[in-house]
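Following the hints, position chain B against chain A.
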Amino acid sequence: MNSSKYIIGFTALLTAIVALVLSLMYTGLKEKHKQNELLFEKRAMLGAIQDKAGIDISTMKDKDIIDFFTKNIEQVVVDTKGNILSPEEVEKHGYKGGKAENIDLKTEMKRTFDQRMLPVYIYKSKDGNKIYILKLFGKGLWDEISGYLALSSDLNTVVGASFDHKGETPGMGAEMKDNPKFPVQFKGKKIYDKTGKLVSINVRKGGAVDPDHDVDAISGATLTSNGITDMLLHSLENYNNYLKKLKQK
Amino acid sequence: MSEMKESKKALFPMTKKEKRLLFDPLNDNNPVTVQVLGICSALAVTSMLLPSIVMAIAVTFVIAFSNLAISLMRNYIPKQVRMIVQLVVIAFLVTIVELTLKAYSYPVYKQLSVFIGLIITNCIVMGRLEAFAMANPPWQSFLDGIGNGLGYGIILIIISFFRELFGRGTLLSGTPIEMKIIGAGSDFWIDTTTNSWFGWYTNNNLMVLPAAALFILGMIIWYQRSKNPKLVDIS
Chain A
1 MNSSKYIIGF
11 TALLTAIVAL
21 VLSLMYTGLK
31 EKHKQNELLF
41 EKRAMLGAIQ
51 DKAGIDISTM
61 KDKDIIDFFT
71 KNIEQVVVDT
81 KGNILSPEEV
91 EKHGYKGGKA
101 ENIDLKTEMK
111 RTFDQRMLPV
121 YIYKSKDGNK
131 IYILKLFGKG
141 LWDEISGYLA
151 LSSDLNTVVG
161 ASFDHKGETP
171 GMGAEMKDNP
181 KFPVQFKGKK
191 IYDKTGKLVS
201 INVRKGGAVD
211 PDHDVDAISG
221 ATLTSNGITD
231 MLLHSLENYN
241 NYLKKLKQK
Chain B
1001 MSEMKESKKA
1011 LFPMTKKEKR
1021 LLFDPLNDNN
1031 PVTVQVLGIC
1041 SALAVTSMLL
1051 PSIVMAIAVT
1061 FVIAFSNLAI
1071 SLMRNYIPKQ
1081 VRMIVQLVVI
1091 AFLVTIVELT
1101 LKAYSYPVYK
1111 QLSVFIGLII
1121 TNCIVMGRLE
1131 AFAMANPPWQ
1141 SFLDGIGNGL
1151 GYGIILIIIS
1161 FFRELFGRGT
1171 LLSGTPIEMK
1181 IIGAGSDFWI
1191 DTTTNSWFGW
1201 YTNNNLMVLP
1211 AAALFILGMI
1221 IWYQRSKNPK
1231 LVDIS
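Chain order of the listed sequences is A and B.
Residue numbers 1 to 249, in my numbering, belong to the letters of the first sequence in order.
Residue numbers 1001 to 1235, in my numbering, belong to the letters of the second sequence in order.
Just chain A, with the same shape it has in the complex (with noise of 0.2 Å):
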């Protein structure tokens, strides 16, 4: 048996011990951490606007992504009501760098509908056409899902999709991202009918039944597919002044 100094001296070295160390790797590997995920996300949007852009994704290297990414693509910051929003503004509400890249969306989600801001990457084809990218953010079956949708410059036809997930179902709702068979299906849709009226895009079990809004959802996962067409729904409605506004113009 021992003393109970012994032990409390003993567990509180064994502590001490393993708390340093992590706490210096944590800090050592933190800017890499940092980069593969903004490394990560460049990817998953790219993966978007691949066929418009003439590159495949999977085949690029990681210091590809980048220099496309920074030589194509613009980063814009706005909020709800359609308004640009300088990266002063964005520094704000603490997002250093205050570009399109530093905002989490899952935090804006939780904010009211009025004070939420949202990323948007604006891609310059090379006919001269501008390829909106919007961010959108939802609840899957078990997990957070999320995903790329890009917009042509008329501002209501889908030129792409990519989708990501935490933690669906590998085989089912795990497609939505494995399958490249998913996203292909948004190609030419619309998210605005004739009425100008934002209905976004239904995932439909069953087949989709309208050509323009419509696509088919995943076998053996309804709830993945109806968390996709609430991701849809819910995000696009963000930006459906931003949207607005751009066309008036």
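It is possible that part of the hints are untrue.
[What the hints assert, rightly or not] Only pairs whose alpha carbons sit at most 20 Å apart, straight line, appear in this in silico SDA-like list of lysine to any residue:
| no. | chain 1 | residue 1 | chain 2 | residue 2 |
| --- | --- | --- | --- | --- |
| 1 | B | 1110 | A | 104 |
| 2 | B | 1180 | A | 180 |
| 3 | A | 245 | A | 75 |
| 4 | B | 1079 | A | 8 |
| 5 | A | 52 | A | 187 |
| 6 | A | 166 | B | 1098 |
| 7 | A | 124 | A | 96 |
| 8 | B | 1110 | A | 58 |
Simulated from the structure, these hints should not be mistaken for laboratory data.
Using the frame of chain A, we list chain B on its own:
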């Protein structure tokens, strides 16, 4: 023959006991198929080969070094708090693995997600610390850790080989040497759209789900028990 043995010994000197520590867990005393530990992660991460291999390496690293650390401290650890001390060491090593993976292999980190953290609760690790490292010298404990990690890893790799092959038609996808074996599309070795013999073939969706791992694991246990005479009497 004797010459070969001599040279082998000189290259890697090991007593009989040490050899047993290293190689027993691979077959006779496999932590997954014989002791039936670590099943949860064996079902969850084995849908593809690459995450399984990474998981095997991670678990081997954690068992080997936690065994080593606990064995070095074994005479100083107060008996009343030994389990907490073991957990601190395991959690420490797992966090190292997690931070390293996140920095240097981000896609795999994303794929394994929560299961890296769950190595902490893997019964194999804690089991080896309690059963072996608390009572044995460091070098032997280290070997025991490596052996058990590999025993766990080899089962993971066998399961994921079958699951990826029949579930997706690929092997080692996500690595530069990705092999596309069977499926629709001209990239595959056996193209089911043009090959008249395999026109009926589609990927088995059950294989992608964790349930398939349970079936494969059951078959591995069945095969091993029917082949290995040492296991016949264990009920």
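Evaluation of the provided hints:
1. B/1110 with A/104: Given pair residue 1110 of chain B, residue 104 of chain A holds - Cα atoms ~18 Å apart, limit 20 Å.
2. B/1180 with A/180: With a Cα-Cα distance of about 16 Å, the restraint between residue 1180 of chain B and residue 180 of chain A holds, given a limit of 20 Å.
3. A/245 with A/75: Satisfied, since the Cα-Cα distance of roughly 17 Å is no more than 20 Å.
4. B/1079 with A/8: Holds. Residue 1079 of chain B to residue 8 of chain A sits at ~13 Å (cutoff 20 Å).
5. A/52 with A/187: holds (11 Å)
6. A/166 with B/1098: holds (17 Å)
7. A/124 with A/96: violated (26 Å)
8. B/1110 with A/58: Holds - the C-alpha atoms of residue 58 of chain A and residue 1110 of chain B are around 16 Å apart, at most 20 Å.
Violation of the numbered hints given earlier is confined to hint 7; every other hint is satisfied by the structure.
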